[in-house]
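There are 4 protein chains.
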Amino acid sequence: MHAIGVDIGGTKIAIGVVDTDGRILAQVRVETNPDDVGSIDRAIADACNALAKEHEVGAIGVAAAGFVSSDRTTMAFAPNIAWRDYPLGTRIAALVDLDVPVVVENDANAAGWAEFRFGAGRDAADMLMLTIGTGLGGAVVVDGNLVRGRWGVAAEVGHMRVVPGGHYCGCGHEGCWEQYASGSALVRDAKAAVVALPHKAGRLLELAGGDRKKLKGPHVTQAAQEGDELAVALVAKLGRWIGEGAASVAALLDPELIVVGGGVAAAGDLLLLPAREGFESQLSALGHRPVARIELAEQGNEAGIVGAADLARR
Amino acid sequence: MHAIGVDIGGTKIAIGVVDTDGRILAQVRVETNPDDVGSIDRAIADACNALAKEHEVGAIGVAAAGFVSSDRTTMAFAPNIAWRDYPLGTRIAALVDLDVPVVVENDANAAGWAEFRFGAGRDAADMLMLTIGTGLGGAVVVDGNLVRGRWGVAAEVGHMRVVPGGHYCGCGHEGCWEQYASGSALVRDAKAAVVALPHKAGRLLELAGGDRKKLKGPHVTQAAQEGDELAVALVAKLGRWIGEGAASVAALLDPELIVVGGGVAAAGDLLLLPAREGFESQLSALGHRPVARIELAEQGNEAGIVGAADLARR
Amino acid sequence: MHAIGVDIGGTKIAIGVVDTDGRILAQVRVETNPDDVGSIDRAIADACNALAKEHEVGAIGVAAAGFVSSDRTTMAFAPNIAWRDYPLGTRIAALVDLDVPVVVENDANAAGWAEFRFGAGRDAADMLMLTIGTGLGGAVVVDGNLVRGRWGVAAEVGHMRVVPGGHYCGCGHEGCWEQYASGSALVRDAKAAVVALPHKAGRLLELAGGDRKKLKGPHVTQAAQEGDELAVALVAKLGRWIGEGAASVAALLDPELIVVGGGVAAAGDLLLLPAREGFESQLSALGHRPVARIELAEQGNEAGIVGAADLARR
Amino acid sequence: MHAIGVDIGGTKIAIGVVDTDGRILAQVRVETNPDDVGSIDRAIADACNALAKEHEVGAIGVAAAGFVSSDRTTMAFAPNIAWRDYPLGTRIAALVDLDVPVVVENDANAAGWAEFRFGAGRDAADMLMLTIGTGLGGAVVVDGNLVRGRWGVAAEVGHMRVVPGGHYCGCGHEGCWEQYASGSALVRDAKAAVVALPHKAGRLLELAGGDRKKLKGPHVTQAAQEGDELAVALVAKLGRWIGEGAASVAALLDPELIVVGGGVAAAGDLLLLPAREGFESQLSALGHRPVARIELAEQGNEAGIVGAADLARR
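Chains as they are written, first to last, in numbering that gives the first Met the number 0: chain A, 0 to 313; chain B, 0 to 313; chain C, 0 to 313; chain D, 0 to 313.
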């Protein structure tokens, strides 16, 4: 059965028809106006109706950043769009010309599910997905099922505390994992290193056009790939935090696979090898248990569409 | 269907017949010789045979400390008994006069399951059990199912890292949660406080007979219940660590209920109120999500028997 | 012998004649243009010349934020004014109509010295001064002498590391004491608490006019003085960090007195009592040694003038 | 003027005549009975009398572990010998046949002073001495003077807190520098690594005769010198903690030289290079200030005698 997957971003919405092998058969994109929530519903419904004329569709899955109610109909809260207990699924269902279920999912859950079903996790049953871009999102799969939690807000992995009294997070707490394992953390650390270790920061500063404040994540990745000592160390530090935090998750959930996706994955082995090393260095009972694999994500930017569609089918 | 539950401790084995409401209909205890693993199998089988003469039994569940293989037949590793990849379930099955499944479970999982099915968690679907005695064990229930992980070693909650570079754990790592939220941590902190804060430690020292090294957990609990300022603060610190660590688990799993059992639960509200406070103080997105309850366990020392029996039935 | 003290701030310069009892006999203020360093020299010299017509003066002491060379003639580096190895003392000496020594001092050192000589430390020989405003500055007095260090940059107490991997500091490092014991830390913590603990933050938000981003230190102090629970806790946390950090300094220097000055001192006992408690809770060998006193500063905003003048005389 | 230096250890006392260049002209050793404090006084006096027959002596300096009163006559407290406010200097003075001053000093201060006067610090004015054996002791020299503090207990550098909530110290506090930068820390970390990282610990375990509990500091040093990866990492970690902690001291005192002595110094560059790297990585305002040198101590086991003698002369 084909299904439609919808991925609502901050500035645009991607909508596609996905087959049971996770392939996207057709796809459209429309702009988002985050301040006009009604227009979002309408735009999604219009696109679904258009796609449904060309493809037989059995379900619609809608992914967005935020807290989704456990019955998967409602956005309880969203950071970027003005949804507060907003019945997103119900509204879209009322607007489409199809009599199919409309299911809402958290976007990181959807992307993780795509990876689990059709990507790096296709042969796994227990998996932790880490989507590491500006922030650190995730998805947890236990025994083949996506973990949503009692109120639908599970897998907020970025807000596990890894350093008491550590860096402040946008959530108002100190020491969240996201503050150590994210693109923002990489850039923050790089900017600080330019001040603290000026004798090592020449290349980074150069890539930022001489202005420390203009330093971006890709500058650090590029410098690291060139072999710049400080940049390599910064990426490795990020990698170690990924692995060390994952070791705490492994103590709790014993996954067989940890998948690293998102923008920072572009750093490849410069990130992955320290992540594995950090994981192994902190995994409890090493030698008495197998060590989970840590791999890069295989699904690309469409993972949200694919995962949302597939989850809607279940 | 009745089932037999077996709880193998360091020095004795408890074996009971458990009905489908979690009641123990009959129970026996035998001594353990941890150095003679064959004698353990035999003692368990004998007791099962005897109990099975009086009660109709459909399954046998065996709980013990250690790592259990994911197929629930084998003790992969145990800290106190000389099991290494030992087919405990198969051996017992071969020795009993019954043709019923014999299932092995981790003891903390079994105890947590009893709590989930018949105790504080009976109305919950997503629960975290914390069994806090000398160490910190646990069990994780997601959507009504016990989480065992890929290799059967999930729910080692005590080995989540909560303080990088923190107290060493018996597992060889620094900063494990168990080193902050356990009876051992309470005693260690109390002994240290006697040295660091001598002007506040009079009552604790008195209860220990004047010898700091003889201080035990119950001394601290007793002094706290008497209102001794230092003891109250020590129990509260333990409580806060329970709650703060649980907030990290909640970020990952979004449980509706966290149950605190084990010896330290004797401190009651002196422990529970700071645990709730610590949890709330560290829970990400407070105000945008419900707050999980934190309650004391209701099942007593027989939880292992009850949970093992019930899991064997499933 | 009277001396002139000069205190160069970010936007204005205060210049006064100070007698040997630390009293200011006359004082003038002029504006600073931080981008025109020559104009600063000239303005100071003019004011000195004018004051010297009315008062007999034997020395000129000039205090400013930044690193002062160990021979006390040169500003090696300043954070707010464009001095880099700038011979500030020599320039002023060349411009004044007086044949007296012109001595440059770090402003926190000068303020601390005034406190040592004429304020809370007048009876002490070993003192730690903590000037806690936006940042955390300090001065160290050992056996009656100001500690300047080999290169004149001692007493940068705010940059002792108190939390590895902790909050980033403007210096590019993580976990500096200044990030835990300063007005900026108080405001940062308060802003975060408004997000993390919304149910407790009503009064703080009200004082900030409903906009979390407009929260200032005096709002927190005011709310604390009104008895607001969250604000009291925030000020107490700041106080504890003052005391706990001071305990590390005491391990090194064994002062008899720690003086707390700067803007946060306005919180009075709400700050001081937790500071003493934090100090005592972390002081090594309590019971085998006396406990240093922690007191509020007695010198006001003119401490820089008074201290600079007095140091110039020595 | 020659002086006698006395170094009272846990099991023996070393007594020597020291000339003004720090050379030992004659030396004797006697056994200590730590439970009979009177016998210690007598043994020291006898040895002094004997030495004074051969050498003209102008002062006696006595060094011991513990807190010395600020007038340098009394042991206020000692960890290993039953001194509590014991007038050690006065007693010895009464027992010797010489009319010379008898001065008591803390043993780490004495050793640091020898290093300052005749060893690695002979050309310095501001120095931090770190004596790193089982524990971490130290001495602080500011502007050519030994810093004793108000009550004689300065330079307890090992008890600066470097990790809140970190490893417990014998002093009853958490996170003391001594718990990260000492031979005991090295051995503790090595023992833990054998458990946590069994695949890397082969050589260490071999040197300990296959028994993790028998691992000693020299095993780690030896393995590191052989190039064993884990041992090199363990020594480097110790070195980094030396350097990172020293950076906090440098923020406060701006020394020109940090001297590393004691048993761990045997590791040489394996320790020193990471110490320098750690120091530089954490030194605030790098690029705006010179970087203090970190060097190995030059004085050997007799440093206590030499320093005690030299301090007694002053």
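Accuracy of the hints is not assured; some may be wrong.
Heads up, the list lumps identical chains together, so a pair's fine if it works in one copy or across two of them.
[Unchecked claim] The list that follows gives simulated cross-link-like pairs (lysine-lysine, DSBU-like), each with its CA atoms no further than 30 Å apart:
#1 K212 <-> K190
#2 K190 <-> K52
#3 K236 <-> K213
#4 K11 <-> K199
#5 K52 <-> K215
#6 K215 <-> K190
#7 K199 <-> K215
#8 K199 <-> K52
Hints listed in this document are in silico derivations from the structure and should not be mistaken for laboratory results.
Do the hints match the structure? See the list:
no.	hint	verdict
1	K212 <-> K190	both (7 Å within a copy, 23 Å between copies)
2	K190 <-> K52	neither (51 Å within a copy, 51 Å between copies)
3	K236 <-> K213	within (21 Å within a copy, 34 Å between copies)
4	K11 <-> K199	neither (39 Å within a copy, 37 Å between copies)
5	K52 <-> K215	neither (43 Å within a copy, 58 Å between copies)
6	K215 <-> K190	both (9 Å within a copy, 26 Å between copies)
7	K199 <-> K215	within (17 Å within a copy, 37 Å between copies)
8	K199 <-> K52	neither (59 Å within a copy, 53 Å between copies)
The structure fails hints 2, 4, 5 and 8 (numbered hints given earlier, in ascending order).
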